[in-house]
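One line per chain: the protein sequences are A and B, in this order. Counting from 1 along the first sequence, just add 38 to a position and that's the residue number in our numbering. Counting from 1 along the second sequence, just add 11 to a position and that's the residue number in our numbering.
No lab work stands behind these hints, which were simulated from the structure alone. Note that the Cβ used here is the ideal one computed from N, Cα and C, for glycine as well. Errors might be hidden in some of the hints.
Subject to a maximum C-alpha distance of 30 Å in a straight line, what follows is the list of computed DSS-like cross-link-like pairs (lysine-lysine) [claimed, not checked]: (1) A:318 to A:282; (2) B:104 to A:399; (3) B:104 to A:318; (4) A:299 to B:105; (5) A:167 to A:299; (6) A:282 to A:299; (7) B:32 to B:105; (8) A:399 to A:299; (9) A:282 to A:225; (10) A:246 to A:45; (11) A:299 to A:246; (12) B:32 to B:79; (13) A:98 to A:45; (14) A:246 to B:104; (15) A:225 to B:105.
Covered stretches of chain A (in silico footprint by chain B; criterion: 3 or more residues with CB under 8 Å from a CB of chain B, positions within the stretch not fixed) [said to hold, decoys possible]: (16) 52-59; (17) 190-196; (18) 367-376; (19) 382-396.
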Amino acid sequence: MRTSPLKPTWQAAGAVFAERYGTEVVSSFSDSATECGLVRNSVGLTDFSFAQIYRIPEEKAVDYLDTFLAGNVARTRFGRMLHTFLPDEDGNVAADCYVANNDQDFILICESVIETGEVDRVLDSYGAKDAGVETLTDRCVLLGLDGFDAWKVVRDVFGRDVLGLPYLSVEVYPFAGESVHLFRAGKTSEFGYLVMAPNSVADALYEKLHSAVKAAGGGLCGVEAHHALRLEGRFFNIHKEGLKVRDPLVLGLQWMIDFDKAGGFRGSAPLFGRRAAGLKQKIIGVSAAPRCEALCPGARIFHQGRPVADVATSCDSRVLDRKLGLAVFPVELAYSGLDFTLNAADGPPVRTISMPPILPKSLGIRLDEM
Amino acid sequence: MTDTAQNTILRRAAIIAAFKKELIQRLNLPYTPEDLHEDVSLLGAGLGLDSLDALEIVLCAENCFGVKIPDESVAVLRSINTIVDFIIEEQDKKGAAP
């Protein structure tokens, strides 16, 4: 099983580990409510080293990546990032991807629901060798800084310039004699950054970031808390709804797809066929009473005595003090503001809602004016 | 389906359809109305629209539905659904006004 380069550090900090598609992840350090609170009110430091990471030289990167990714890499300007996905042969989501254009090279970061070796094989099958792809997965650490005060941490570590970085951008900074990539990207709806560094400086980077996180009143966070944070912010979570529902059209991920890309991409023919046939189902937000156990993955939503929808994911939202979820409805019923029941005609009530349901604290801050 | 639920769907569907059509036209988005999920984030993540686009969205709501989105209500612009919620709320206020 693949493990994080910082595993001994996480172990010493009391991490609880879990296995995901052949890779070990840091699940939590304390309870989910505490860790969600860190992100909503200060900052959480999370290990995202479970992601697959690749570097592609600039001269071949666009042509190479555009042959299999759903988005349009050619339109990704220097210093910016593209959020898209790697489809399987049927045009379903296999990996949630960021592509960062850093002029000298492109960095591809994948959160996948297939094993690392399988992602490598897909990239190989599209000519990774000819494109000069370098696999960084086991050679780099990837740390996430998410939260209302995340900007303070990156400012203290990398300098005030970071405050000018727009969402989905990348910059490279020197650190301990190495180059560290800073990506302005997060999926919590608060400020978010990913920091990628070679394993040789992983410990030093962790020490520096963790000190700044503690100074900002934050702490360590596991991936389990990110499930609730992503759902509250209505960010796509490939590890939750993405496991139950694979079709990007049902998931509402059309914005990640370039439907006009010349030559298509991996799985584009079946995907475009489903689009032409018309959408039959759609995933939308639902809400139930606090800690309602009936609102859980696999639950059925009833309307007038018959099941009409399936719950794909759920969480306890501490911000709203409600149970939140996502469920797949037929398009004719996929509207917010409707009342249904869970698991039976007389089951607990559940209501369809508009997403995202929370107002992130970070929305009130403009970093470029600070 | 109850009449109330049916009315909720019909009213919401009509607003969503008009809003999406106007949004695609004004911002020249490369999508069909069906491609735009009502919960997709409009600014930053998701569609990745910028502050100029946000102004177009505000104008779109004003021109199509006679609803003014105040500057301090930028949170309304989180998604199509949150904008539609605001439009319905404002329309109801106007309808309830003496």
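Consistency of the hints with the structure:
1. A:318 to A:282: Judged against 30 Å, a Cα distance of about 16 Å means the pair holds.
2. B:104 to A:399: 28 Å, holds
3. B:104 to A:318: 34 Å, violated
4. A:299 to B:105: Outside the cut-off at roughly 45 Å; violated.
5. A:167 to A:299: 24 Å, holds
6. A:282 to A:299: This hinted pair holds, its Cα atoms lying about 28 Å apart.
7. B:32 to B:105: Satisfied, since the Cα-Cα distance of roughly 24 Å is no more than 30 Å.
8. A:399 to A:299: Violated: residue 399 of chain A and residue 299 of chain A sit about 37 Å apart, past 30 Å.
9. A:282 to A:225: 19 Å, holds
10. A:246 to A:45: 17 Å, holds
11. A:299 to A:246: 43 Å, violated
12. B:32 to B:79: Holds, at roughly 19 Å.
13. A:98 to A:45: The hint is violated at about 34 Å.
14. A:246 to B:104: Since the Cα atoms of residue 246 of chain A and residue 104 of chain B sit roughly 53 Å apart, the hinted pair is violated (cutoff 30 Å).
15. A:225 to B:105: 37 Å, violated
16. 52-59: Our answer is that it is violated, as 0 residues pass the Cβ test (under 8 Å) against chain B, missing three.
17. 190-196: violated (count 0)
18. 367-376: Our answer is that it holds, as 6 residues pass the Cβ test (under 8 Å) against chain B, meeting three.
19. 382-396: Satisfied; 3 residues make the cut.
Hints 3, 4, 8, 11, 13, 14, 15, 16 and 17 from the list above are not met by this structure, while the remaining hints are.
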